[in-house]
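Which chain is which? The protein sequence lines are A and B, in order.
By the working numbering, the letter at position 282 of the first sequence is numbered 282, and the numbering carries on one by one without gaps.
By the working numbering, the letter at position 254 of the second sequence is numbered 254, and the numbering carries on one by one without gaps.
Any given hint could be a false lead.
Pairs of lysine to any residue residues, derived as SDA-like cross-links and limited to a Cα-Cα distance of at most 25 Å, are as follows [to be verified]: (1) A:Lys104 - B:Ala352; (2) A:Lys104 - B:Arg255; (3) B:Lys47 - B:Ser80; (4) B:Lys104 - A:Arg255; (5) B:Lys209 - A:Arg195; (6) B:Lys240 - B:Thr184; (7) A:Lys21 - B:Ile258; (8) A:Lys104 - B:Leu92; (9) B:Lys61 - B:Arg128; (10) B:Lys217 - B:Gln197; (11) A:Lys21 - B:Asp374; (12) B:Lys104 - A:Leu380; (13) B:Lys240 - A:Pro105; (14) A:Lys280 - A:Tyr249; (15) B:Lys104 - A:Glu400; (16) A:Lys47 - A:Asn88; (17) B:Lys54 - B:Ala31; (18) B:Lys217 - A:Met1; (19) A:Lys240 - B:Thr184; (20) A:Lys47 - A:Lys21; (21) A:Lys217 - B:Glu6; (22) B:Lys61 - B:Thr184; (23) B:Lys47 - B:Asp70; (24) B:Lys209 - B:Ser62; (25) B:Lys54 - B:Asp39; (26) B:Lys54 - B:Pro183; (27) A:Lys104 - B:Gly43; (28) A:Lys54 - A:Lys21; (29) A:Lys217 - B:Val13; (30) A:Lys240 - A:Ala352; (31) A:Lys217 - A:Glu312; (32) A:Lys21 - B:Pro316; (33) A:Lys240 - B:Ser338; (34) B:Lys209 - B:Arg220; (35) A:Lys104 - B:Val99; (36) A:Lys217 - A:Val99; (37) A:Lys61 - A:Thr40; (38) B:Lys280 - B:Gly315; (39) B:Lys21 - A:Ser331; (40) B:Lys21 - A:Glu358.
Hint data in this document are derived by calculation from the structure and do not stem from the laboratory.
Here the structure is a predicted model, which is why all the values come from computation and not from measurement.
There are 2 protein chains.
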Amino acid sequence: MDDATELISDIAVRARAAQRKLAQLSSRAKAEGLRRAADTLRGASDKIMAANQKDMESGEKSGLSAAMLDRLMLDEGRISAIADAVENVANLDDPVGQVIDETKPPNGLTMRRIRVPVGVLGIIYESRPNVTADATALAVRSGNAVILRGGSEAVHSNRAIHAALVEGLSQAGLPAEAVQLVPTQDRAAVGAMLRAQGLIDMLIPRGGKFLVERVQKDARVPVLAHLDGICHSYVHTDAKREMAEEIVYNAKMRRTGICGAMETLLIDQDYPAPGPLIRKLLDAGCEVRADDGVLELDSRCVSAETVDWDTEYLGPVVSARLVSGLEDAMSHIAQHSSGHTEAIIAEDVEVAARFLAEVDSAIVMHNTSTQFADGGEFGLGAEIGIATGRLHARGPVALEGLTTYKWVVEGTGQVRP
Amino acid sequence: MDDATELISDIAVRARAAQRKLAQLSSRAKAEGLRRAADTLRGASDKIMAANQKDMESGEKSGLSAAMLDRLMLDEGRISAIADAVENVANLDDPVGQVIDETKPPNGLTMRRIRVPVGVLGIIYESRPNVTADATALAVRSGNAVILRGGSEAVHSNRAIHAALVEGLSQAGLPAEAVQLVPTQDRAAVGAMLRAQGLIDMLIPRGGKFLVERVQKDARVPVLAHLDGICHSYVHTDAKREMAEEIVYNAKMRRTGICGAMETLLIDQDYPAPGPLIRKLLDAGCEVRADDGVLELDSRCVSAETVDWDTEYLGPVVSARLVSGLEDAMSHIAQHSSGHTEAIIAEDVEVAARFLAEVDSAIVMHNTSTQFADGGEFGLGAEIGIATGRLHARGPVALEGLTTYKWVVEGTGQVRP
């Protein structure tokens with residue numbers, strides 16, 4: 001066993017033992033622990049800012065972009081917002097212990113499925129130090145232990161936040177080893193996490209595409225994540241003009257850098273007013289990469305290349321094409337979608353119903369903007385991420401997605417005939 | 001791409017296309033297809049028996065054990081039972097389309113989670129040809145495509161059963177390519193299935209430990225399975241004598257070869273009548289591999305070796321030890337259980353509640369026999385297998401475990417502020 005494997009194994013074994021204790025605590029005790037952690041986090045504000053200063057200085061030296069430095073930067077306001085988010089999670093309903101269903105066969109046995117924590121989570125993330133606190137809060141609220149592996153750029157910030165959180169959790173009597181930060185930035189530790197079958201139950205990568213791709217490719221532990229958000233909006237023949245224009249504009253331009261942003265616009269060839277849809281995007285400074293049909297609508301459009309239909313721009317660029325109808329739209333989506341979020345804008349309820357039934361993505365929408373694809377908007381209170389895999393949890397994932405279930409059978413002496 | 005990878009990729013792509021059609025069929029249409037398949041299976045009885053005869057002859061030549069030959073053998077009665085099982089699955093409730101929950105935020109959107117099929121399943125199995133029909137029925141009922149890869153011993157039987165099933169499904173208008181049998185026994189095809197990320201959504205190995213171990217070790221596709229069923233029964237101090245004796249005897253001896261059979265008996269050192277528990281097992285011909293405390297109870301016991309506490313005997317052998325109390329029992333289980341099924345026999349409801357809450361297995365039981373660990377007994381109507389992994393589905397898995405969900409969002413023009 002190499003050093004990294006031994007390190008992660010040791011951390012995970014201790015996390016499992018702590019998780020067993022955590023899982024037995026009441027919902028109230030876990031919430032109290034998180035509230036205390038929010039307090040100690042606020043109290044450690046100066047320490048955290050000092051640690052963050054070190055990260056900012058090395059970041060500047062090593063030439064991090066302005067956007068990266070902004071993600072990394074912590075001030076009093078941001079630390080307070082991080083603490084608020086921890087408190088918000090403390091206030092969410094605890095899924096652990098919920099009865100999913102119950103069966104009572106004639107032999108008098110009672111079988112119940114009860115939600116229980118998944119166990120030991122591994123979070124691998126990049127420059128945003130707030131993930132240290134967000135992931136801790138969601139894990140602890142749902143009775144899971146968590147092994148945190150943050151990026152090198154934020155190492156001092158993460159350590160300071162982690163120390164402050166653990167201090168609060170410990171003060172409230174929660175097992176400190178349920179929340180562990182991998183103490184080395186050695187990349188071999190990430191490899192060891194990916195291979196930790198049976199030690200880590202679920203991995204959640206948070207960060208850029210390069211990170212998620214590596215985790216999905218190499219992990220032997222199940223991964224909850226999305227690689228791409230190549231989201232489509234299809235404007236059907238009978239879509240209301242004003243609604244279509246507003247939704248399409250919002251889906252692309254509200255925030256272009258989020259995974260729920262529309263990347264491809266499909267316009268029905270019989271939709272009577274395609275021009276204004278495109279003009280509104282172009283006027284706002286969005287580049288439109290178009291097929292021949294859309295190209296004719298406005299001379300500012302540029303010609304799309306094959307690769308455009310499979311590209312997540314995460315910026316003010318959209319690919320757009322005319323489709324011959326619902327079937328053509330759905331077949332384009334089946335071929336090019338990343339399984340994240342797709343929307344139809346249509347008045348015909350049967351057409352909409354077919355789209356919602358047949359499009360096989362984690363989230364399908366009718367007459368609204370793909371930018372709603374977010375755990376907060378879905379009433380989940382927070383999210384650990386959005387998953388485009390097909391198993392366990394799909395779409396926005398919050399506390400329930402961090403649980404599984406067990407069967408509890410109660411008898412009065414029954415033996416099987 | 002090697003030949004096997006190309007073959008599996010081609011099969012899986014066609015299976016995905018067929019699955020998309022299958023997923024849109026009504027519950028009634030899928031049930032009708034399965035009933036027709038049961039009919040064509042009965043009608044093909046002679047052909048299937050002739051094919052089976054070939055397998056039996058090569059099995060005898062290659063020296064298969066009597067038990068293996070018995071598993072392989074098909075006669076009119078067994079074929080009829082296989083067809084009945086297909087009809088039973090047709091009669092089960094279809095989970096697809098069920099609304100799991102619904103959220104209506106103040107902005108007027110409606111978010112529903114709807115059960116949808118997992119997609120393309122891969123079943124890798126050994127000598128029992130009935131798996132061909134069982135897996136097909138469960139997959140089709142829940143709207144999934146299935147790629148079947150049976151064992152070489154049953155190749156002719158599997159082909160005949162598969163052909164009969166597909167004939168019935170096709171007659172009823174179901175897409176034939178939703179149920180495909182891998183046309184080669186080349187072992188490279190299994191390897192290609194294990195690596196078919198994104199093409200096959202879930203693998204279910206059915207067969208001996210060697211098969212399951214290989215699949216769990218090498219698969220890059222998620223696997224639903226259990227490797228071992230090292231099930232424990234703990235007899236607490238205050239367990240009722242007669243109840244404890246009957247449950248323990250049933251848990252071990254009703255059928256010793258099933259995964260839910262008890263493999264380790266933990267007796268509280270303060271339980272007043274440990275001798276009769278052990279005697280009843282010994283009298284029935286069960287070998288008892290005992291720690292020092294149990295060894296003293298009956299001279300017919302043999303001394304347990306360390307490996308016994310981690311062994312699934314699947315036969316008339318049990319390991320048995322005295323424990324110092326509930327904590328000691330739970331700590332033994334945490335160390336040695338395979339996460340399948342564990343039971344406590346106790347009158348004290350608080351003690352039982354702690355055991356049920358703290359033991360972290362797929363199934364935990366109070367005052368009943370571990371032999372009840374079976375999808376039929378849990379009211380599931382049938383089972384594709386029992387899973388000891390922690391994600392997606394745990395314990396007995398039937399139709400619901402072959403589904404996932406998607407989020408369906410309906411709006412009236414909402415855009416995200």
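Which of the numbered hints are not met once you compare them with the structure shown? Failing hints, ascending: 6, 7, 11, 17, 19, 20, 27, 28, 32, 33, 36, 37.
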